[in-house]
Structures are given as C-alpha cells and as structure tokens.
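Peer 1: In the order they appear, the protein sequences are chains A and B. Position 127 of the first sequence, counted from 1, bears residue number 127 in our numbering, the numbering being contiguous throughout. Position 53 of the second sequence, counted from 1, bears residue number 53 in our numbering, the numbering being contiguous throughout.
Copies of the same chain look alike in the list, so a pair counts if it fits in one copy or across any two.
DMTMM-like cross-link-like pairs, simulated, lysine to aspartate or glutamate; straight-line CA separation at most 25 Å: (1) LYS37 / GLU52; (2) LYS37 / GLU61; (3) LYS37 / GLU11; (4) LYS37 / GLU10.
If you are wondering where the hints come from, they were derived from the structure by calculation, not from laboratory data.
Protein chains: 2
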Amino acid sequence: MPTPTGVGTEELRRANLRAILQTVHTLGPTTRAVLTKQLGLNRSTIGALTGELQSLGLVTEQTAVVGGRGRPSHLVVPSEDNVVVAVDVGVDRIAVALVGLGGEVLDRRTRGHQRGEHDVAHVVESVAQMIEETLAASSGHLRCLGVGVAVPGAVRAEDGMVRFAPNLGWVEEPFTELLSTRLDRPVSTGNDANLGVLAEHVRGAAVGFSDVAYLSASVGIGGGFLVGGRPLTGASGYAGEVGHMQVDGTGPDCRCGAVGCWETKVGENVLLQRAGRLAGGGPEAVAEVIAAARAGEPRAAEAVNDVADWCGVGIRAIVNLFNPEVVVLGGSLAQVWRAAEARVVDSVQRNTLLSPRGDAALRSAALGDDSPLIGAAELAFGPVLDHPQAVPQAV
Amino acid sequence: MPTPTGVGTEELRRANLRAILQTVHTLGPTTRAVLTKQLGLNRSTIGALTGELQSLGLVTEQTAVVGGRGRPSHLVVPSEDNVVVAVDVGVDRIAVALVGLGGEVLDRRTRGHQRGEHDVAHVVESVAQMIEETLAASSGHLRCLGVGVAVPGAVRAEDGMVRFAPNLGWVEEPFTELLSTRLDRPVSTGNDANLGVLAEHVRGAAVGFSDVAYLSASVGIGGGFLVGGRPLTGASGYAGEVGHMQVDGTGPDCRCGAVGCWETKVGENVLLQRAGRLAGGGPEAVAEVIAAARAGEPRAAEAVNDVADWCGVGIRAIVNLFNPEVVVLGGSLAQVWRAAEARVVDSVQRNTLLSPRGDAALRSAALGDDSPLIGAAELAFGPVLDHPQAVPQAV
Numbered sequence: 001m002p003t004p005t006g007v008g009t010e011e012l013r014r015a016n017l018r019a020i021l022q023t024v025h026t027l028g029p030t031t032r033a034v035l036t037k038q039l040g041l042n043r044s045t046i047g048a049l050t051g052e053l054q055s056l057g058l059v060t061e062q063t064a065v066v067g068g069r070g071r072p073s074h075l076v077v078p079s080e081d082n083v084v085v086a087v088d089v090g091v092d093r094i095a096v097a098l099v100g101l102g103g104e105v106l107d108r109r110t111r112g113h114q115r116g117e118h119d120v121a122h123v124v125e126s127v128a129q130m131i132e133e134t135l136a137a138s139s140g141h142l143r144c145l146g147v148g149v150a151v152p153g154a155v156r157a158e159d160g161m162v163r164f165a166p167n168l169g170w171v172e173e174p175f176t177e178l179l180s181t182r183l184d185r186p187v188s189t190g191n192d193a194n195l196g197v198l199a200e201h202v203r204g205a206a207v208g209f210s211d212v213a214y215l216s217a218s219v220g221i222g223g224g225f226l227v228g229g230r231p232l233t234g235a236s237g238y239a240g241e242v243g244h245m246q247v248d249g250t251g252p253d254c255r256c257g258a259v260g261c262w263e264t265k266v267g268e269n270v271l272l273q274r275a276g277r278l279a280g281g282g283p284e285a286v287a288e289v290i291a292a293a294r295a296g297e298p299r300a301a302e303a304v305n306d307v308a309d310w311c312g313v314g315i316r317a318i319v320n321l322f323n324p325e326v327v328v329l330g331g332s333l334a335q336v337w338r339a340a341e342a343r344v345v346d347s348v349q350r351n352t353l354l355s356p357r358g359d360a361a362l363r364s365a366a367l368g369d370d371s372p373l374i375g376a377a378e379l380a381f382g383p384v385l386d387h388p389q390a391v392p393q394a395v
Numbered sequence: 001m002p003t004p005t006g007v008g009t010e011e012l013r014r015a016n017l018r019a020i021l022q023t024v025h026t027l028g029p030t031t032r033a034v035l036t037k038q039l040g041l042n043r044s045t046i047g048a049l050t051g052e053l054q055s056l057g058l059v060t061e062q063t064a065v066v067g068g069r070g071r072p073s074h075l076v077v078p079s080e081d082n083v084v085v086a087v088d089v090g091v092d093r094i095a096v097a098l099v100g101l102g103g104e105v106l107d108r109r110t111r112g113h114q115r116g117e118h119d120v121a122h123v124v125e126s127v128a129q130m131i132e133e134t135l136a137a138s139s140g141h142l143r144c145l146g147v148g149v150a151v152p153g154a155v156r157a158e159d160g161m162v163r164f165a166p167n168l169g170w171v172e173e174p175f176t177e178l179l180s181t182r183l184d185r186p187v188s189t190g191n192d193a194n195l196g197v198l199a200e201h202v203r204g205a206a207v208g209f210s211d212v213a214y215l216s217a218s219v220g221i222g223g224g225f226l227v228g229g230r231p232l233t234g235a236s237g238y239a240g241e242v243g244h245m246q247v248d249g250t251g252p253d254c255r256c257g258a259v260g261c262w263e264t265k266v267g268e269n270v271l272l273q274r275a276g277r278l279a280g281g282g283p284e285a286v287a288e289v290i291a292a293a294r295a296g297e298p299r300a301a302e303a304v305n306d307v308a309d310w311c312g313v314g315i316r317a318i319v320n321l322f323n324p325e326v327v328v329l330g331g332s333l334a335q336v337w338r339a340a341e342a343r344v345v346d347s348v349q350r351n352t353l354l355s356p357r358g359d360a361a362l363r364s365a366a367l368g369d370d371s372p373l374i375g376a377a378e379l380a381f382g383p384v385l386d387h388p389q390a391v392p393q394a395v
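Produce the complete structure using the sequences and hints provided.
Peer 2: So, in structure tokens, the structure goes:
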C-alpha cells in the first residue's frame with residue numbers, strides 16, 4: 001500500500017500537462033478532440049495546457065482537416081526539435097542513436113569496442129566521441145534533453161553506478177558519473193533488459209499490455225518486467241536477474257558460484273557448444289546452427305531441441321511467478337523459439353496439472369535487437385515527460 | 001507506463017478522504033496535527049475531511065491532552081463500530097475473525113472441516129455458520145462492511161472464482177459466489193499468500209518496506225509479493241506460484257506434471273518423510289523433527305539440513321528475480337529457517353560471484369499463521385478504504 005499523500009491543485013495541473021505530453025510522445029500527433037476524450041478533461045483546459053506545452057517548445061499545433069466531413073481539427077504534434085541521445089553498450093558493439101520526442105530515430109551509428117576492450121575508460125571515451133559526432137551531424141536548432149544508456153548489468157538506481165556487468169568485466173564502475181563528467185551533460189543509465197521491456201511496452205510487441213516479461217539471451221540472459229504497468233526494479237534496481245535461477249541440481253557449475261543456473265542451459269554459447277561449434281560466434285553462428293538443424297544435421301538438431309526444452313523450463317517459472325499477459329523473447333531466445341516453437345511451448349506447459357493458468361502469449365521482440373536502445377531513449381525522455389515545466393530553455 | 005488520465009477536483013477530494021481513512025486504519029488513532037503534516041494539507045482542509053468521515057460514521061474525534069505542554073489535540077480515531085469478517089480456509093481448519101476498522105481482532109473462532117471434508121458445499125456451509133455465529137455474538141450496533149476470505153489456491157480477480165486449490169481438491173469452484181449467495185452479503189476472496197504479504201506489510205514484519213516477498217510453506221508453498229508497494233497479482237490474479245519453479249532436472253515427479261519443482265524439495269511432508277516420519281503431521285510434527293535434530297538424531301538432522309539447503313535455493317531465485325528488501329517466511333519455511341538459519345543463508349548466498357546484491361533481510365512472519373487471516377480482513381476493508389463515501393448507511 002503506497003503511503004497516502006495529499007494532492008494539491010498545482011500538482012494536478014502538472015499531472016495533466018504530463019498526461020498530454022506522454023500521450024503525444026507515445027501516440028504521435030494527436031487531435032485535441034482525442035486528447036479531450038482520452039484524458040477526461042474539457043476542451044478549454046486542454047487548450048490551455050497544450051498552449052503551455054507549446055510555449056515550452058515541446059509541441060506544435062497544426063490545423064489539419066481530418067475525416068470525411070472536412071472539419072478542421074487542432075493536431076498536437078510532439079516537437080522533434082527536442083531530442084535525446086540513446087546508447088546501447090553491448091559486449092560486441094556500441095550503438096548510439098539520436099531520437100526525437102515522439103520516438104523517431106533520427107540518426108544512428110554503431111561501432112565495435114576500441115581494440116575489443118571493455119575497459120571502462122575506453123568505453124566512456126568511445127561513447128562520448130560517438131555522441132559528439134552524432135550531435136555535431138545534427139541540425140543546429142535541436143534541444144538535447146539528455147543521454148540514456150543501456151548496459152548489460154546491474155545498475156544502482158540512485159546514481160547509475162554499474163554494480164556488476166559480468167560480460168563487460170565491470171564491478172562497481174562509476175560509468176554514469178564518468179560519462180556525465182566527460183560530456184558535461186546529465187546521463188541516465190539502466191539495465192538493458194529493464195529498458196528493453198520498457199521499449200517493447202511503449203512501441204513494440206507489448207503495447208497495450210500491463211504485465212509483461214521480456215527475456216533476452218546472448219551470452220547471459222537478461223530479464224525485464226512490467227508489473228501492473230510499472231517497471232519491476234526491486235528495492236535497489238537489481239530485479240529481473242533471471243539467468244541464475246537454479247533449474248538443475250546436478251550442474252553444471254556456473255560462473256556465479258552456484259550450479260545448474262538457467263544460464264548454463266540456454267544462451268548463445270551453450271547452443272553453439274552443444275552443436276559442436278566454437279563459442280563466441282554470436283547471433284550469426286546461432287542462425288547457422290539453426291539452419292543446419294533444419295537441414296538435418298543431427299548434432300545441431302539435438303542441440304536446438306535440448307536448448308528449446310530448457311528455454312521452456314525457465315519461461316515456465318517466469319509464467320508461474322509473474323502471470324504475464326505476454327512474454328517477449330529477444331536475442332537467441334527469440335531465435336530458438338522461432339526455430340522450435342512447439343517444443344518450447346510443450347516445455348512451458350509441462351505442469352498442466354497445476355492449474356488452468358491465464359494464457360501467456362509468447363512473442364519475438366518487435367524492435368529486434370534495438371529494444372534496449374529505444375528503451376534508453378525513453379529513459380532519457382523520462383525527466384521531461386515527468387516535469388514538462390522543468391525543460392531546459394537553452395537549446 | 002500507466003495510461004495517462006486527467007484528474008478532476010472531486011477525485012482529488014476523494015483521494016484526500018481516502019488518505020486520511022487509510023492512515024488512521026493503519027496507524028490507529030492519529031492527531032489532526034500528524035495528519036496535517038503527513039498528508040501535506042492545511043488544517044482547515046483536514047478538519048473538513050475528518051468532519052465528513054465522522055458524519056459517515058467511519059471515525060470519531062476525541063480531544064486528548066497530548067505531550068508535556070498540555071495543549072489539547074484533536075485525535076482522529078477509527079470507529080470500531082465498522083467491522084469486517086475475515087476467513088482463512090486452511091487444509092486442516094477454518095478460522096473466522098471479527099476485525100474492527102483500525103485492525104483490531106475483536107473476536108475469533110477456529111473449527112476443523114466437517115468430517116474432514118473439503119467438498120465445496122460443506123466448506124461454504126461451515127464458513128457461513130461460523131460467520132453467523134460470530135456476528136450474532138457481536139454487539140448489535142456494529143456495521144459489517146464485508147467478508148474477506150483467504151484460500152490456498154489461484155483465485156480469479158474479477159469474480160473470486162477459485163480456479164485451482166490443489167490441497168482442497170478444488171478446480172473451478174465458484175466458492176465466492178456460493179458463499180455470497182448463502183450469506184446474502186458481498187464476499188471477496190483472495191489467495192492466502194497474496195493476503196499474507198498484505199497483512200505483513202500493513203501490520204507485521206514488512207511494515208515500511210515496499211518490496212517484499214512472503215513465502216509460506218505447509219503442504220505446498222505459497223508466494224505473495226509486494227512490488228514497489230503494490231501487490232503482485234499478475235494479469236489474471238495467478239502470480240506468485242513459487243512452488244513450481246524447477247530446481248532439479250532429475251526429479252522427483254511433482255503432482256503438477258513436471259519434475260523437480262521447489263515444492264518437491266521443501267514443505268512439511270518432504271521434511272517429515274526425509275526424517276522417516278509419516279506425512280500429514282503438520283506444524284507440530286515438523287517441530288518434533290526439528291527438536292529431534294537438535295537432540296542429535298542423525299536422520300532428523302540430515303533432513304533438516306537438506307531441506308534448509310533447498311529452502312535457500314528457492315529463496316535465492318526469488319531474491320535474484322525480485323530484489324526485495326525483506327523476505328518474510330511463514331509456515332514450515334519459518335520453522336526450518338529458525339532451526340538452521342546459517343545453512344539457509346549459506347545456500348541463498350551461493351552465487352556470491354554474481355553481484356554485490358542489495359541485502360535482503362530474512363525474517364519470520366510477525367503475524368505467525370494469522371497473516372492470511374489478517375490479510376483477508378484488509379481485503380474486506382478495501383472498498384471502504386478506497387471509497388469512504390460509498391460506505392453503506394444501514395447498520
């Protein structure tokens with residue numbers, strides 16, 4: 001039960017401003033009539049509020065002729081002069097995108113890590129350079145509202161300290177502070193899977209769903225959750241560590257110190273090694289194994305089936321714990337699921353005697369590998385969407 | 001992200017009424033001065049709102065002399081003339097309590113099932129009789145606001161249909177509708193572990209925490225969660241099914257159709273059978289095994305240690321997934337934890353290489369076996385706490 005607090009009228013106004021801005025950011029250009037209906041406010045209130053957003057430079061109003069009867073309608077349009085820079089720090093590459101209010105990707109670049117190194121100083125420098133290039137290439141009148149970064153690790157909510165990002169070899173790295181100092185701009189950092197589920201919810205395979213599990217595997221497995229429409233963060237921002245549920249008491253040993261973690265049974269390298277391939281080939285190598293399995297190579301087929309069974313074991317635990325409407329699969333989980341859908345579903349449904357559970361739909365991520373990147377943009381838009389009046393006036 | 005909606009002034013007033021009533025229900029008698037401070041509203045607003053609550057018969061105001069300076073203070077007191085009936089349908093017994101606004105248990109009775117039967121018609125009749133006896137024994141001027149029931153099973157949120165309660169042998173039983181019809185009163189039903197976490201949050205071991213896992217074992221294991229201060233229900237009310245996470249790929253077979261579920265490794269009967277006792281002895285038999293282990297009986301000691309290790313495996317998965325501030329243990333999980341705390345903690349912390357996670361405190365349930373019962377009372381108080389103005393005027 002949240003602590004009850006009183007609500008004043010200024011707060012009310014801010015809530016309504018926020019509601020309008022969030023709506024046009026999410027849906028794109030929206031008529032005043034739709035806003036009036038959707039928010040349950042009267043027309044003059046909507047007019048005053050959109051006027052204020054316009055004077056803040058966050059929206060423009062256009063008069064459009066909509067529908068057959070030719071009546072002109074005021075269209076409230078998110079202003080793409082407001083942008084954020086989104087960054088996804090992956091194990092293999094860094095992706096940087098310029099994203100406008102309303103969610104459109106205006107520019108985007110990708111680069112491998114410098115000499116393949118994950119040293120935090122190198123990563124900060126690479127990211128900073130890519131951001132500067134991106135902003136330099138953009139037209140001059142843009143207002144950059146912030147920088148959002150996705151990292152594959154546990155991030156402390158208060159200050160963006162990266163507590164542990166095993167696949168980058170980071171422990172207690174003040175990445176966010178370093179990047180913010182280097183850029184002289186505020187930076188927000190989040191866990192890649194938490195940002196992935198956010199993006200899939202706002203613009204992907206989970207639009208319209210409030211209870212969502214996003215599970216994405218590459219080397220490790222990331223989990224991001226929406227619970228009743230809100231992101232699951234946990235007390236300190238570490239929730240969603242799905243890879244280290246024990247699924248087998250007999251092993252194998254996991255790098256975390258325990259045995260039989262889900263991550264030791266699924267994931268890119270597990271599949272590759274079971275199929276007799278070298279670890280480290282990434283999504284392309286996984287695709288090759290799946291193609292070989294389809295072409296009849298027994299060892300590849302066995303590997304795909306085995307990993308599909310274990311995918312189902314973990315998804316089943318998640319479905320039982322969270323009762324989501326939809327489970328969105330990313331990375332190699334999506335690859336295996338598309339290759340062996342029936343087998344994964346069989347494994348998920350193995351405890352059918354348990355209960356007539358609500359059906360959770362399984363889907364591939366609609367934003368593909370970009371979910372965390374788009375989620376990082378949403379993270380960076382967060383402050384202005386929460387407090388439109390606090391938008392910086394300098395461009 | 002919740003769908004943004006506009007907020008009107010009538011809604012604002014209702015929110016403030018609600019905030020005051022929830023505060024005095026949770027904290028007990030509270031001075032106007034504290035309410036003013038806590039809710040951030042001015043004194044005259046608080047006065048008007050408590051006046052309205054008083055005219056609705058939900059609170060009384062008393063003038064008390066508080067503190068050393070002898071200044072009289074208006075004390076807002078929840079009126080215990082408003083009661084609910086709380087019911088906990090267990091496998092062995094039914095408990096019924098009369099609970100006043102403010103949370104005090106005014107009366108309470110417990111009875112075994114009729115001829116040990118769980119047939120839904122028998123259970124409905126037993127519960128109804130116990131409720132009628134409870135209300136008949138109470139003083140005449142009470143206003144009964146509702147009936148709340150805890151059941152050990154999956155409950156559909158919309159209508160209280162009990163989808164599956166394996167330890168009662170129920171599948172798709174319209175228990176709530178049957179009881180409501182029999183009593184001619186509204187009845188709300190919830191899962192016992194979901195209600196347990198609610199009670200521990202409002203009045204038990206999890207007061208002040210927003211991210212809480214409540215895990216309680218008897219024959220099966222129930223899980224109830226608070227996530228960011230809100231109950232985890234899942235899309236259809238089935239979330240928190242912790243007993244059927246697979247923790248061992250090699251078995252044993254579980255009654256759910258799968259193998260190696262957590263429930264096959266912990267729980268009363270698992271402990272009893274591993275210690276060479278007969279299943280079915282309940283908490284007393286578990287206590288006997290723990291005493292025997294302490295006295296040096298090797299088989300009992302081995303059973304306790306083994307179950308303690310497996311308790312830790314499941315708790316570890318929950319800690320990794322939810323990152324709770326506190327894990328509240330009930331039933332035989334609490335018994336085993338108190339008997340072998342160091343061993344459970346060792347097992348929970350087995351993946352120390354994973355990350356410096358936020359510390360989750362492990363605790364026994366403060367309300368003991370009453371957590372679901374007290375949670376059922378909170379469920380029944382829910383409508384009036386949400387909409388104080390909609391309180392029925394008839395006593």
